[in-house]
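As given, the protein sequences belong to chains F and W, one line each in that order. Residues in the first sequence are numbered consecutively from 6, following the working numbering. Residues in the second sequence are numbered consecutively from 3, following the working numbering.
Honestly, the hints are just simulated from the structure, not real lab data. A hint or two may mislead.
Claimed, not checked - Once the Cα atoms are required to be at most 30 Å apart in a straight line, the calculated DSS-like pairs of lysine-lysine come out as:
no., chain 1, residue 1, chain 2, residue 2
1, W, K164, F, K347
2, F, K166, W, K424
3, F, K228, W, K164
4, W, K424, W, K396
5, F, K347, W, K424
6, W, K164, W, K215
7, W, K244, F, K540
8, F, K166, F, K128
9, F, K273, W, K164
10, F, K347, W, K416
Since we're looking at a predicted model, the values are computed, not measured.
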Amino acid sequence: MSPTPPNDDAHEKVARLARYRREGGVLRDYHAVRWNEPLIVEQSVPGERGVLVPLAEAEVLDEVGDPYGSIPECTRRETMPDLPELSQYQVLRHFLRLSQETLGMDLGSDISEGTCTMKYSPKMHEELVRSHKMADLHPWQDESTLQGLLEIVWRTGEYLKSISGMGHVTFQPGGGSHAVYTNACVMRAYFAAKGELSQRNEMITTIFSHPCDAATPAVAGFKVITVMPDENGYPDLEAFKAAVSERTVGCMITNPEDTGIYNPQIDKYVEVLHDASALAFTDQANANGILGFARARDAGFDACHFNLHKTFSSPHGCEGPATGAYLCTDTLAPYLPVPLVKSDGEEYHLDYDRPQSIGRVRGYLGNWMGVMRAYAWIRSLGPDGLREVAEISVLNNNYLDRLLLAVRGVSRPYAEGHRRLDQVRYSLEALKEDTGVGTEDVHDRMVDFGIQSYWMSHHPWVVPEPFTPEPCETYSKDDLDEWAAVIKKVSDEAHDDAATVKKSPQRSSCARMTNAEVAEDPNQWAFTWRAYKRKVLGRKEK
Amino acid sequence: MAEKPFIHPYIPNAVPATKQAMLRELGLSSVEEIYAEIPDRLRFKGRLDIPEPILAERDLRRHMAGLLARNTSAQEFLNFCGAGCWQHYVPAVVDEVINRAEFVSAYCGGMYSDHGKYVARFEFNSMLGELLDLDGVANPIYDWGDVAGRSFRMASRITGRKRVLVCGTMSPMRLAEARTLCQPEVMPTHVQIDLVEWDRASGRLDLADLRAKLAAGDVAAVYWENPGYLGFIETQGGDIVKLAHEAGALAIAGVDPITLGVLTPPGALGADIACGDIQPLGVHMHAGGGCSGFIAFRDDDPVFAQECPLELYTLGESEVAGEWVVAEAIPDRTSYGSRDQGKDWVGTASGLWTIAAAVYMAVMGPQGFRELGETCIARSHYAAQRMAALPGVKVLLTPGFFKEFAVNFDGAGKSVAEVNAKLLDHAIFGGKDLSAEFPELGQSALFCVTEYHDQADIVELVAALEEVLA
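All chains, please: the whole structure from these sequences, using the hints.
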C-alpha cells in the first residue's frame, strides 16, 4: 500500500493564503544587501600579501642567474604597478560582498530579462565544468587525450542538427552575436566563391531582430537594409520584397521577433530571397518557444544559430563566457570555420582540411564548457522533455500576459487576437501619459521588490515605453503571479504616488546616481581608478 | 502499470494541476491552441532524433563522468604547452569568488540591481590599467585574436587609413581571426594587413623593413607582440612606437598581462592601444574556453574611447555622500545603441573571467606579479638550458624570453609530432608544434614553463625527452 499523500485541502489553503498576501499588495519586504563597500584600492595596506607565489629553487637560480637582471634593460619594468595590497581574507570578503550586491538569477526573478531566456542552470553541470577533466585541459592537447570532450561536442552537434533540421554545425563562436557574425562571414565566403561579392553587398534585417543582426553584417563589410514592421507587427512583406534585388546577399532575421509574434508567412520571405538567389539566416537566440515544434530548415532557411547560454541552460556568468552554435546546410558547409569535430563512429577528431573555410572567428576550439552543459541538459530532457520546455514556456508567457494586460497602463501593441510564443514586448505608453511614470522609472522601482529590473527593449524603441519579460519554463505559477503583482504594485504607485516611483530604487545595494553626465563627458568619465585620480581627484586637489 | 505523469525537476508548471489551472485561466483546453500561431505547413511533426532522457541526476552524473573520464587533464599529465593559453596556478580564492551563485547566474541586470557586478568590472578595469599603464580599459570580449582585429579596425577608423603593419611572428591563429575581421579587398571597409619581416635569430621585428613599409604614409597602425608568440622578449617596443608615430600611425601592443610585473608596460612605451588575453590572470584553460580578449587605450584624447567597440564603464557618485556607483559610458557608440551604425559589435562574451582576473590581480598585488615574473623567467631558462644540452636539440630565438621558447629537433632527426606522441607515454604534453605555422623554424616546438612547474617537473621533462630522442 502506498503512503497517504499530503492533504490536498491543506495545500490549497496554504496556496490561497499566499495568493491573498500577494494580491492584497503585501509583497516582499525586501532590501538588497548594502555593504557601503569601499573600492578595493581604497583598502590597500602596503606590504600585505594576498597569495604567495612559488619562488625559483636555489639550484635553478644558481644555473640561470638573476632573472630580473637577465631582462634586457630597456624592457625591464621600472615602476611597480600600483595594484592594491591586501591579505587574502580581506580580498575574499570584498568580492563576496560585491557578489551579495549582485541580484543574480539564482536569487532574483529573471523573468524580467526578456530576450535573454534566463533559465535554471543545473548545479550538477557546474560541478563537472569546474572539475579538472574540463577546466584543466589545454586546447592543443593530443586529440587522443580529449576524446571525452570531442564526443560530447560531436553528439551535441547531432542533437542540434535534429532540432534545427540543418546538416552541419560549429561551436566555435564565443556567443550568440559571434555566431550571427559567423553567418555574415560564411555568406560572404559563399558569394566570394561564386565571384559575386562585388555585385552582392546588401544584407536585409528587421528592426525587431537583435542589433547584432544589423551590426555584424556591417562589420563583415555589407550594406545593411532594415525592414520596419507593418501594422500587425510583422516585417512588412512588401517592403521586404522591395528590398530584395540582385545585390542582396541574404537576410538575418529572428522569428518570433522580440515581440514574441510568430510570423506565419516566414517561408514566403525565404522564398523571395531564394528566388533572387540570395540566402536566408534565422537568428534563434531565443528558440525556447519552438523547440520540437518548428525547425529553421523546414521554413527554408539556409542557416541558423542557437545561444547555448539561453535555450540550452548555460549560466550567463555576468555576460559570459557564452557559446554560439552555428548551423547550416550542405551549400554553406564548406565555408564553416576550422576546425570541425568529425567522427568515424569510434574516435573523434578535429578536421582542419577545409580549403574553402572562412578561417577562424575565434581561437582554439571555442567555449566548450557551454557545449558540455547543453549536452547534459538535452540528455536530462530527451525529445519529449524538450517539447515540454517549449510548451510550458509558451503557457507561462500567455498566463503572464493575461495578468499583465489587466494592469493599468500596460498595453501590448500589434497583432491583436494573436497569441505570443516565448515573450512579449509591452508598452507603458498609457501609464506614462496618465501618470508621468515611464518604463525607465518602473525599471528602477521593481528592484525594490527583489525583482531584477526588466529588459526594456533594444534600440531604437519602436514600441514606446517598452518592456519585455520572458517567463521561460523555469518559473512556477507563483513566480509568475509575484512578477505580475510587482508590476501591478508599481502601476498603482504611479497612479497614487508617482514621486515614490521616480526616486527609486530606495532599497537596492546603492542609491541613485547623481552625476550621470560623466558617462558622456571626456573630462569626467573615468574607466579606471587611475583615470579617476587624474581627472577628478587631481582637479579637486587643485 | 498505469503511467504516472513524469515531472521534470527543471519545469515546475509541468505538474498537471498547475498546468490545468493556468489553461483554465486562459480559457484554453491545451497549449496546442497557442501553437496554432504556427501554420500547419511549418510545424515539425516528427520526433526529435535525440536519445531518451537519463532521468535521475545520479545516473546522468555518472554518464557524464564516464564521458569525461576519456579526457586526460593537465593535472594528470605534466603540460608544457602554452601558445596563448597558459597553465598558471589559479589560487583557490579566485574560484571561490567566481563560483558564487550571484556571479555565475547574473546577466545584464541594471546598475542598481547588479551594483556589485558593476563595481567588480570597474575594479578589473582599474587593476588591468595599472598593469598596462593605460587609463582606458574596456570590458573584454572573446579572445586575443578577436581584439587584435578590433584594434586594427579601431585604428583604421581613428586615422582614416586602411593598412595595418603586423609583426611577422604574430600568432597565426590570432592573425586568422584578425583577417576575418578585416575582410577581403572587395569590401569597402577592408583593412589591409601586411606582415613585417623579423630577425630569424632573435625573433625581433626588422626595423628596416618596418621603416620601408611605413614610408608610403598610409599606415593606420603598427602592431607588435611582447612577448612575441614565439616566446622572445621584443626589446624594440620604444623604437616601434617612435617609428609608427613619425609616420602618423598608431602603435598597438599585444601583451600577455602576466608578464607586466617585470616587463615594461605598453603605456610606458607610448603605445596608443594595447590588447591581449586575460586568461593567464586566474582563469583555468578550459581547452581554450578560458580565453578573453581585452582592449586598453590612452584616454588623453577622447577619440580612443569613442572609437572603442567594447562596453566602457565609468565611476560615478550617488545620492549618498562617499558612495560609488558604476555606470555604462558612451553607450550609443556600441551596436546595442546604434545597430549597424555602432562601432563593430558587442555581445555576451566573458564576464565571469573578468571577475576572476580582478580577484587574481588583487591577491597577487605588485609583489606577486614581480615574483611570478622572476620565477617564470628562471624556470623557463633552466628548462631551456637543460633541453639545449640534449644531443640534437637546439633552443631558438634565445636572447631573452619570459616563459616560452622554441625548441628545435632537426639535429635529432625527429619530428615534433613523433616527439610529442612519445612524450604522452611519459604522461607529458609537449610543446606546440610550430612546423606548419613557421616552417622556417624546421621541426620546432614551443615549450611553456611557468611558476606552475617546479624544478622536479622540469627534470622529469628533460629525462623523458632524453629517452624519447635516444
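Now the hints, each set against the structure:
no.	hint	verdict
1	K164(W) <-> K347(F)	38 Å, violated
2	K166(F) <-> K424(W)	38 Å, violated
3	K228(F) <-> K164(W)	18 Å, holds
4	K424(W) <-> K396(W)	19 Å, holds
5	K347(F) <-> K424(W)	24 Å, holds
6	K164(W) <-> K215(W)	14 Å, holds
7	K244(W) <-> K540(F)	27 Å, holds
8	K166(F) <-> K128(F)	26 Å, holds
9	K273(F) <-> K164(W)	40 Å, violated
10	K347(F) <-> K416(W)	29 Å, holds
Violation of the numbered hints given earlier is confined to hints 1, 2, 9; the remaining hints are satisfied by the structure.
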